[in-house]
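Protein chains: 2
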Amino acid sequence: MYVSGIGKTKFGILNASLPELAYGAMAKAVEDSGIDAEKIEAIYIGNFLGGSFQNQLHLNSIVASLLPKNKIPIVRMESACASGGAALHYALEGMHKFENVLVLGIEKMSDASTSNAAKYIGAAGDRILDQAEGLIFPANYALIAGQHMLKYGTTSNDLALVALKNHENANFNENAHFYGKKVNLEMIENSPMVCSPLRLYDCSPISDGAAALVISRERKSARDVEIIASAFATDTISLAQRNDATTFDAAKRAAESAYKEAGISAKDVDFAEVHDCFTIAEMVAMEDLGFCKKGESKGLIRSGATKLNAELPINASGGLKASGHPIGATGVSQICEIAIQLRGEAEKRQIKGANIGLAHNVGGIGGSCAVHILRGK
Amino acid sequence: MYVSGIGKTKFGILNASLPELAYGAMAKAVEDSGIDAEKIEAIYIGNFLGGSFQNQLHLNSIVASLLPKNKIPIVRMESACASGGAALHYALEGMHKFENVLVLGIEKMSDASTSNAAKYIGAAGDRILDQAEGLIFPANYALIAGQHMLKYGTTSNDLALVALKNHENANFNENAHFYGKKVNLEMIENSPMVCSPLRLYDCSPISDGAAALVISRERKSARDVEIIASAFATDTISLAQRNDATTFDAAKRAAESAYKEAGISAKDVDFAEVHDCFTIAEMVAMEDLGFCKKGESKGLIRSGATKLNAELPINASGGLKASGHPIGATGVSQICEIAIQLRGEAEKRQIKGANIGLAHNVGGIGGSCAVHILRGK
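Protein sequences, first through last, are from chains B and P.
According to my numbering, the first sequence is numbered sequentially starting from 915.
According to my numbering, the second sequence is numbered sequentially starting from 915.
Hints in this document: simulated from the structure, not taken from any laboratory.
There could be a bad hint or two in this list.
Since the list gives no way to pick out one identical chain from another, each pair is judged satisfied if it fits inside one copy or across any two copies.
Quick list of in silico lysine-lysine cross-link-like pairs, BS3-like style, CA-CA up to 30 angstroms [to be verified]:
| # | residue 1 | residue 2 |
| --- | --- | --- |
| 1 | K942 | K1181 |
| 2 | K1134 | K1011 |
| 3 | K985 | K1207 |
| 4 | K1208 | K1221 |
| 5 | K1134 | K1207 |
| 6 | K985 | K924 |
Note that the coordinates shown come from a computational prediction; the quantities given were computed from them, not determined experimentally.
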């Protein structure tokens, strides 16, 4: 299977409705693919919080209304922050029936106050076990960070270096939420404490945005990028149900399955877009994906190995942290970035010699995880 | 593909959480199938309003927590009131990878006031075009009923006969929301007006419940029932975007596609479970499915042809109207009923000689529709 078209809106606080965001990303992806819109045979939508933020569910019918000529099956998938990756995975599961399908990831989050947004996002966690005790996501990831520090000697400065790198990368990405924002270590380390040890700059923002992919069974152009593996795994929803808070078993299983399907190992990956909803999540991802041994992500961060054009660039787009995290769009946007890099169209943030890219998209605190691996020529 | 196991909770106002409902239905379906739970390779969940009613999304991870031994992919689908039918359709789309999967439909709706429930259910309609004008679902279906009356001479008494039949059927179904409730025409025709011409008894209730299916690639037992067609279609979301309010193009297209796949025509269907969220919807369904010509459903209703053990029994279970409408569960529950009938296990409501059954599950006012056709021996 091939990514034959990509399209994204700007990520940020946008004055646009859900239908406008959807149309914007889809139109760009279809145009980019060079395929007639009438040739799209099915659409798979990833969206997390349309019901909570806009009281707008049944987004598949909204999208059908935007494409009245296309009498095609459209469905919405939801797997919390992995909704976009889930939509792509299940689209690929259905590709035996179709030649060309479209995957849309979308979220509009700026319609609520910050406290309401935190409550709505909390719906990715267990209502009975966690939400009732106030264990929403900054608190969950703070517990993970605390454990990682205790067990492995990770420091707040390591987290700050992750944030700094991702903000630096986002300044080469015009679609990024924080494009153009000058950020330095002092700002990060002195930013307000959200939930100790996580400060404001350890957290991804509340963003609006959409991203779309045209997926085709056959390669149609030299710009097409091959999807060589797609894996999706689920796990228990609460930290209280896990043996180790510092690793996500769903991510490890999805990665293992994807490496096997692609016939590669972690060391063959040239670059990755990982789910840095919080800075600690990027470090956990590096370990779960096998880029380093457990607890050793700090070494790669400190040496600069994950910066743009170092050994293993991570989140060249700016990641969720600085490119933005319109939740349902994130997993789809990661694939857009990998395709842009593999096509050699990433301009100022182009990773040289990139051939194999990996996308890692997590729901909740690892209750679900999609891993996709893509290859260039 | 075969339905090898079915399981349902009671439908009604239940003192049970979402995880309890899920576990209840799934455990029954797995036990009924005779398959080891460890042999289930994937789960597809239909749920509409977990985010709105319980602030509980990411239900796939909740279900993963209930089955800690099963390290399998689980996803949630949402297509408004067709979420259950969508989950089954997309599960079947993925069956080329699996031997046995489970489909779960679930909803808990009694956690909100009636006015909040109406608002949440309204999320199946267009936020911008319809919700803002108060065009929620009783109002939408009232417009449809009004048009149907004007164009085709359908009367309030026809609608009442639909309600009466479905309540009578539900009294043979112990799991039905209104099991045991004595209902007569006078009660129906004197019930409070909800939105003219629809009275209280024209509307399906707010219900809690879950239903589950084990789907297997191979026939394993004589009780297994074959799925001979699965179709899913989408359409515009608002009546304002349609040429004719009295027909759902998505239902017509899904039915046409399903009949073609099954190699049958409408006249071969022995019985059906159709989406009677409002009584008028059952009449529209009969016409869209080709059981009679457009506008002529009233003739079948008046003659009693759709009663239990008449020519074409419709909603032997009691339908959404009287068996209940826990939204995400509905499309899955319809398949349970068809399997029970085809197995010959429906006891007092058994349809004699039933061999081909059809399920019709609609999202919103026809913004999406799933049609499944099943065959007995």
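Right, here's what the structure says about each hint:
Proximity of K942 to K1181 under the C-alpha cut-off of 30 angstroms is found in neither arrangement, the shortest distances being 34 angstroms within a copy and 45 angstroms between copies. In this assembly of identical chains, K1134 and K1011 lie within 30 angstroms of each other by CA distance both inside one copy and across copies; the values are 18 angstroms within and 26 angstroms between. Taking CA atoms no more than 30 angstroms apart as the test, K985 paired with K1207 passes between copies only; the shortest distance there is 23 angstroms, against 49 angstroms inside one copy. Taking the closest pair of Cα atoms, K1208 and K1221 come within 30 angstroms of each other only inside a single copy of the chain (20 angstroms); across copies the shortest separation is 65 angstroms, beyond that limit.
For a Cα distance limit of 30 angstroms, the shortest separation of K1134 from K1207 qualifies neither inside one copy, at 39 angstroms, nor across copies, at 46 angstroms. Within a single copy, K985 and K924 get their C-alpha atoms as close as 29 angstroms, which meets the 30 angstroms cut-off; across copies the closest is 37 angstroms, which misses it.
In this structure, the hints that do not hold are numbers 1 and 5, in rising order.
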